[in-house]
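Participant: Take a look at the letters that make up each chain.
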Amino acid sequence: MTAGTTRRTIGLVAAALVLAATTAGVAHAGNASLKRTLASWSHRIGADARGIGLSASRRHPRRMMLRANHFRHDALLARRALAAQRPSTARGWRARSLALAAFRSYAVVGREWALTGAARLHHRKLLAARHAAVAKRFAAKGNRQLVAAARLLR
Amino acid sequence: MKSNKLALFAMLLCLAGGLGAATAFAGKSSDSLQQTTTTCSDDQGDNEQGDANDIAAAANQVAKEAESQQGDDEQGDAQGNNDNSDEQGEDECGDDGGDD
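Respectively, the protein sequence lines represent chains A and B. Under our numbering, the first residue of the first sequence is numbered -5, with each subsequent residue one higher. Under our numbering, the first residue of the second sequence is numbered 712, with each subsequent residue one higher.
Among chain A residues calculated to face chain B with C-beta under 7 angstroms, some are: (1) Ala33; (2) Ala43; (3) Arg44; (4) Ala50; (5) Arg53; (6) Pro55; (7) Arg56; (8) Trp107; (9) Thr110; (10) Ala123; (11) Ala129; (12) Ala133; (13) Leu140; (14) Val141; (15) Ala144.
Hints were generated in silico from the structure; no laboratory data involved. Model, not experiment: these values are computed from the prediction. Note that the Cβ used here is the ideal one computed from N, Cα and C, for glycine as well.
Construct the complete structure from the given sequences, taking the supplied hints into account.
Facilitator: Structure below.
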């Protein structure tokens, strides 16, 4: 092996090592960022939901309606934040799709809760119960998707 | 020609080694990141489950109240129109979800 070939080999090896380290680093950053975003928005929307539950239990439909609109707004913001994420693995992309679907379901939940509050304010009990039932169904769906997304990112 | 093949083989070997090392390094930094975030919560992996439980509980509460024949607390509801001091979701750790 000549000195020139050896130098070229060392150069190529160094370049390959740098490339490998960079690729792995970027891959990790993509999924970690998605995980943080999901945890942050999930926490936020969970807190919104606790407030809505309290307003409902205290029979405050107007406040519940306002909070429900806020919940919906947060769900849409979460979707936007998650859509901006670029996971680095196929598992990460799957988690991202599930998370987007979860927050889409939560946006529907928020709308239905707001409609429940509005119906109650107008003393339309049957309509309120119908909207609440739809919200419950979408909440269960969103929860399944959220938990599945988080599990994929563990 | 033979030395070129040898160089190529050595490069591939190093590339595989480099990938392994980088992956291990990434895994290690992932662990430390998780430790940082868990200072704010019990278990990062279970946070979403807890939030999902909160949403399910709220959905049950709303449905229960919607089906209830009891009248609304209109006076309490009308109080503090601009009171958003109890706004949920801003506190990243330990919010307790007060309503009024």
